[in-house]
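Chain by chain, the residues run as shown.
Protein chains: 2
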Amino acid sequence: MEPVSLGQFHLVHNAFSFAIAVMGAATAFFFLNRSQVAPAYRTAITITGIVTLIAMYHYLRIFASWEAGFAVLNGEIKQTGVAFNDAYRYVDWLLTVPLLLVELILVMRLSPSETMAKATKLGALAAIMVLLGYPGEISGDSGTRWLWWSLSMIPFLIIMFDLFVGLKASIESQPPAARGLVSAARWVTVFSWCFYPVVFVLPMLGITGGNATTAVQVGYTVADIVSKAMFGVLIYMIAARKSESEPQH
Amino acid sequence: MEPVSLGQFHLVHNAFSFAIAVMGAATAFFFLNRSQVAPAYRTAITITGIVTLIAMYHYLRIFASWEAGFAVLNGEIKQTGVAFNDAYRYVDWLLTVPLLLVELILVMRLSPSETMAKATKLGALAAIMVLLGYPGEISGDSGTRWLWWSLSMIPFLIIMFDLFVGLKASIESQPPAARGLVSAARWVTVFSWCFYPVVFVLPMLGITGGNATTAVQVGYTVADIVSKAMFGVLIYMIAARKSESEPQH
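Order-wise, the sequence lines are chains S and W.
Count along the first sequence from 1, then add 106; that gives the number in this note's numbering.
Count along the second sequence from 1, then add 106; that gives the number in this note's numbering.
Treat the hints as calculated values from the structure; they're not laboratory data.
The reader is advised that the hints may include incorrect statements.
Where chains are identical, the list cannot tell them apart; a pair therefore holds if satisfied intra-copy or between any two copies.
[To be verified] The list that follows gives simulated cross-link-like pairs (lysine to any residue, SDA-like), each with its CA atoms no further than 25 Å apart:
id : residue 1 : residue 2
1  : K227      : R347
2  : K274      : S111
3  : K227      : A170
4  : K227      : A131
5  : K227      : F169
6  : K227      : F135
7  : K184      : W255
8  : K227      : I264
9  : K227      : A290
Turn these sequences into a full structure, and let the hints guide you.
What follows is the structure in structure tokens.
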């Protein structure tokens with residue numbers, strides 16, 4: 107664990123607290139407003155809320171782990187020697203990233219066999235992607251980080267390609283009122299997911315010490331908020347729009 | 107962090123605890139009674155409850171931060187050297203102030219395009235207003251405080267003008283039974299929001315040390331209770347009244 111300045115400590119601390127509040131608020135919204143969408147879309151909204159609930163839990167742990175690492179007294183900051191636990195993020199992603207893909211697939215409402223096939227394929231690739239990233243994340247050596255980053259990028263690029271090309275084709279089969287939102291969800295996924303490999307390489311691009319720690323922690327937090335809570339709101343809006351345009355509501 | 111007297115410490119401590127109880131009670135009320143209003147108003151009530159839930163979370167953090175700053179033993183108070191975290195309030199407002207405007211816009215039930223346009227415009231202005239206030243809040247220098255206060259007042263006044271003039275026009279389009287409540291919500295918004303810039307300037311008006319700390323903390327707490335919990339009850343009453351006067355319930 108690298109030393110950070112007092113300002114950096116507070117910035118990361120407040121970013122984590124902000125993430126706890128956002129994930130908790132998002133979870134309450136999805137769980138309560140689940141009844142506002144047609145039954146066919148409720149499983150997608152349940153999973154959307156579960157993703158932010160899991161993230162809230164991990165941000166509570168991440169917050170506590172960050173606090174344990176530093177002692178701030180009379181405007182001075184010292185390291186306590188307790189290590190920050192990077193694993194919470196990867197355990198979170200191992201659960202939430204496959205679920206994020208499942209919520210997107212469910213809200214598309216493809217045929218049952220297509221849903222199963224896509225969810226299994228993309229979910230498995232997402233889990234492999236997260237597992238391959240972890241050995242790099244806990245290493246301080248640039249060569250090791252680049253190796254695991256490159257390996258993790260293989261499933262990442264397959265998923266991105268599948269979503270970008272596969273989703274584009276199925277936009278045509280969506281009700282006209284929902285097409286704009288589905289297209290937005292596709293762009294938010296690609297945009298927010300690209301944050302992660304970029305944040306990962308920051309310490310390998312000459313950013314060092316407390317600056318690297320701060321950039322990585324704040325970067326991942328922003329990416330998590332966009333890819334889980336904001337993306338979830340888009341999924342909810344697609345489900346609500348499609349519920350209106352379908353007769354079974 | 108300025109030293110406070112034992113009485114001031116307890117007053118602020120009890121005000122924070124009161125806020126936790128009020129925000130928690132309000133959240134339970136909105137979440138449980140959400141099903142009592144017509145489906146068209148349920149999203150407004152969900153968001154009303156989420157605002158008080160986010161506020162409860164931050165008051166738990168604010169309470170803990172206040173406790174950590176002082177050691178009270180045998181009737182004597184000492185500072186521990188742990189700084190009080192002002193950022194929790196601003197992180198809270200960054201989330202809740204745009205949401206407060208959204209709940210007011212949603213309960214008005216304007217056309218979807220008008221709802222989207224108003225929510226985006228007022229929500230963005232509210233976020234800018236909060237961000238501009240923060241550099242002033244954490245400064246002990248009166249000149250710096252006045253500068254950021256003035257900048258923050260620009261979006262503040264635009265929002266106030268929009269609500270006061272814009273809401274007045276749409277009161278006519280509300281069902282007669284709800285007009286009095288909508289008018290009250292408009293006044294409560296303007297009245298409770300004006301509290302914040304007044305509390306902010308107290309330390310610049312010759313109030314110093316522990317008196318300033320106490321006035322600011324108790325002042326913001328009262329303003330939060332009025333603008334979030336009491337305002338939320340008004341939103342709920344408007345939703346309930348409008349549900350009665352519309353046939354789809």
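Copy assignment of K227 with F135, given that the CA separation must stay at most 25 Å = Result: close only across copies, 22 Å inter versus 29 Å intra.
ask   = For K274 vs S111, is the C-alpha pair at or below 25 Å within one copy, between two copies, both, or neither?
value = neither (46 Å within a copy, 50 Å between copies)
ask   = Should K227 paired with A290 be assigned to within, between, both, or neither, using CA atoms and 25 Å as the limit?
value = both (23 Å within a copy, 20 Å between copies)
task = First find the shortest C-alpha distance between K227 and I264 inside one copy, then the shortest across copies, and answer within, between, both or neither for a cut-off of 25 Å.
result = within (10 Å within a copy, 38 Å between copies)
request  = Give the relationship of K227 and F169 under a CA distance limit of 25 Å: within one copy only, between copies only, both, or neither.
outcome  = neither (33 Å within a copy, 33 Å between copies)
Homomeric proximity label, K227 with R347: Cα distance no greater than 25 Å = between (27 Å within a copy, 22 Å between copies)
request  = Pop the pair K227 and A170 into one bin, within, between, both or neither, using alpha-carbon distances up to 25 Å.
outcome  = Classified as neither; 35 Å inside a copy, 36 Å across copies.
message = Treating 25 Å as the Cα threshold, decide for K184 and W255: within, between, both or neither.
response = neither (32 Å within a copy, 34 Å between copies)
Alpha-carbon proximity context of K227 and A131, limit 25 Å = between (31 Å within a copy, 22 Å between copies)
In summary, the numbered hints that this structure violates are 2, 3, 5, 7.
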